[in-house]
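J.: If you read the sequence shown in my numbering, its first letter stands for residue 1, the second for the next number, and so on.
Simulated from the structure, these hints should not be mistaken for laboratory data. Honestly, I wouldn't trust all of these hints.
[What the hints assert, rightly or not] Computed spacing ranges between beta-carbons, pair by pair:
1. A388 - G673: 17 to 23 Å
2. E131 - G673: 31 to 37 Å
3. S288 - N12: 43 to 49 Å
4. Q724 - G421: 35 to 41 Å
5. K469 - R374: 30 to 36 Å
Note that the Cβ used here is the ideal one computed from N, Cα and C, for glycine as well.
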Amino acid sequence: MSNVQVTGANLNITYVVLAISLIALAIAWVLRAQVLAASDGTEKMREIAEAIQEGAAAYLARQFRTLSYFVGIVFFLLFALPADTTSIRIGRSLFFLMGAGFSALVGYNGMWLAVRANVRVAEAARQKSAEKAVQIAFRTGGVVGMTTVGLGLIGASGAVLIFRENAPTVLEGFGFGAAMLAMFMRVGGGIFTKAADVGADLVGKVEKNIPEDDPRNAATIADNVGDNVGDCAGMAADLFESYAVTLVAALILGKAAFGNEGLIYPLIVPAIGIVTAVIGIFLTKLRSTDKSAMSAINRSFFLSAVISAGLTGLATFTYLPAKFDQLTNFSPKVLEDAGNINPRVLAFGAVLIGIALAAAIQVLTGFFTEVGKRPVNDVAASSQTGAATVLLAGISVGFESAVYSGLLIAASVFGAFLLGGGSIVLSLFAIAIAGTGLLTTVGVIVAMDTFGPISDNAQGIAEMSGDVKGEAAQILTSLDAVGNTTKAITKGIAIATAVLAATALFGAFTDAIKEAVIKAVGEGQEVALQYQGVLDVADPRNLVGLIIGAAVVFLFSGLAINAVSRAAGAVVMEVRNQFKMHPGIMNGTEKPEYGRVVDICTRDSLRELATPGILAVMAPIAVGFGLGVGALGAYLAGAIGTGTLMAVFLSNSGGAWDNAKKMVEDGNYGGKGSDAHAATIVGDTVGDPFKDTAGPAINPLIKVMNLVGLLITPAIVSFALPTQQSTSLIISLVAVALIIGALIRNRRQATSIEY
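Produce the complete structure using the sequences and hints provided.
T.: Structure, rendered in structure tokens:
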């Protein structure tokens with residue numbers, strides 16, 4: 001790589017980016033004040049909202065205490081990994097803490113405001129103002145979106161200002177910290193929310209034939225708490241790490257491809273995204289001609305995407321030169337490979353691909369999960385013949401949508417690759433820039449995601465309080481259905497960013513192999529021979545690595561779904577026992593003990609965190625040190641390919657089942673209480689851990705494993721020398737032993753639980 005010096009005008013631009021990120025945080029504060037200024041409803045509504053707030057805050061406090069041990073251990077392990085200088089080692093570890101801290105902060109901030117916005121949305125609906133309800137819910141999401149982009153850019157621009165040309169190496173720690181915390185928050189929050197949701201549905205709706213959020217159901221408070229710790233806190237952290245890791249990938253490859261400008265341009269694109277996010281958030285208003293809130297949300301999303309494209313084009317053609325030889329501190333080898341490629345066309349074309357991908361996923365996911373579209377209509381219609389056909393119809397929707405989404409993402413990756421004109425470095429940089437282009441809309445994307453759980457909570461508060469009825473209740477039902485679709489869309493966009501970032505990081509991984517080999521054995525023919533065979537498909541070790549990478553995705557998904565099953569079983573037994581031991585609950589003379597279910601969900605979700613975390617970190621270590629860097633590369637490729645399809649399948653199946661249930665509850669095929677309704681409840685129950693636990697957690701899983709691979713590559717190569725091979729084998733065996741131990745412990749916990 002070239003020795004890039006960040007000075008002069010480029011430093012000034014970085015300071016401007018840092019200022020814009022601070023402005024984003026200021027706008028978040030303004031939006032927060034607007035949300036909190038709205039009326040918070042009746043006394044009964046406030047009482048329920050306060051119970052949700054208390055449960056969510058208590059859960060996250062316990063979760064962060066648990067995760068602090070993991071963060072502390074990884075901090076010291078990261079410091080032990082090789083780096084060019086001690087200052088880079090220190091910076092990488094400190095930025096790991098920053099990434100983890102920012103991810104936690106974004107998640108907590110999202111939860112804190114959401115549990116206060118939900119009652120305000122319910123009150124707006126009670127006043128029969130659908131427009132006000134949509135505005136409160138979306139602007140609450142806007143606070144989380146502005147926090148996400150603001151903190152992400154503070155981390156990236158701060159690293160460039162402090163470490164200059166070494167910023168990409170330091171930011172590996174930042175991205176790793178963000179991804180690791182997001183994975184834990186997605187898994188833990190997902191188990192909590194779906195254990196409560198499944199338990200509440202199975203006892204309340206199926207066995208007792210009472211409404212979803214009936215206050216007589218002891219799991220209702222836990223269900224509403226779960227929406228916030230899973231979908232608000234977990235997804236906010238997830239999208240923050242997507243933002244952070246994509247920036248890291250772009251900066252690493254930008255340094256190699258564009259020299260000085262390659263470290264600055266990836267900061268300019270998301271800075272423009274902040275401007276367009278503000279526009280999109282403030283323009284989201286429900287019109288009298290809109291069929292649903294989805295129309296208003298789509299309008300603001302596509303408008304912000306178009307504005308992003310226009311402003312990015314202006315910035316690109318202003319900042320970048322028209323020829324590669326006009327770039328500063330570029331690599332002569334890149335110049336030789338570039339030919340007649342125009343840097344402006346390459347960069348702007350990649351950004352357009354990313355923006356187009358976000359828009360296409362919005363449309364495609366909406367088609368497969370939105371109420372009124374053919375796939376959801378078909379799933380709802382299948383309820384007339386029972387739960388089995390509902391399950392089959394939903395699974396088929398998931399499989400089919402995964403194919404189209406996978407092909408769409410693959411086409412975008414290949415399109416960006418072609419922009420590089422045959423140069424691997426330029427092509428991978430284009431893929432990374434496509435990721436930053438996709439994330440120019442991340443402020444609106446986060447707002448869309450947060451809209452879902454807030455609407456769900458608002459409906460729950462309204463039903464439990466009994467103060468929102470008739471037309472007002474119908475407003476909340478409509479918003480809840482739209483929220484299911486927006487959540488599915490954001491999950492689709494998140495997995496697309498995972499693929500783009502992972503592909504770009506994969507390129508950084510292969511470059512790290514080359515550099516590590518050169519350092520280990522010196523220049524010469526031996527280096528060329530070792531590097532040439534790194535990803536040889538004829539090498540059986542690489543095939544083994546590929547299969548293991550794919551298998552880890554299945555194992556991770558299975559662990560998450562099984563955890564929900566066990567925790568939900570405990571919730572079911574608790575709710576049943578409360579109905580049995582306290583018969584006055586059903587006639588309203590006794591109150592359920594909501595806190596007991598919250599405690600069960602908290603205990604079980606936190607207990608399940610260790611095994612997925614150990615698997616995500618130790619599996620790449622076991623493969624890399626045991627089978628070599630080639631097998632590790634194949635492992636990562638297998639995980640990316642399988643994870644993409646699995647995540648979309650799980651997310652869209654769950655979304656289709658959920659909205660099919662909503663269609664029946666709206667009066668179709670017999671309505672509430674019918675056999676068709678019972679069938680769709682079963683489908684929704686199966687879909688809950690699909691779409692809100694296992695599916696979303698695959699996104700940070702992929703990036704955690706890629707970053708682990710990138711970080712350990714120099715050590716793998718150095719230990720691969722003949723004098724160090726025994727040490728390499730010992731490290732691999734220790735990693736395997738830790739995984740096996742975690743799996744055995746997990747299985748023993750499963751068999752020892754008494755319902």
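J.: Does each hint hold? Answer for all of them.
T.: Here is what the structure says about each hint:
no. : hint                    : result
1   : A388 - G673: 17 to 23 Å : holds (20 Å)
2   : E131 - G673: 31 to 37 Å : holds (32 Å)
3   : S288 - N12: 43 to 49 Å  : holds (47 Å)
4   : Q724 - G421: 35 to 41 Å : holds (40 Å)
5   : K469 - R374: 30 to 36 Å : holds (33 Å)
Of the numbered hints given earlier, the model fails none.
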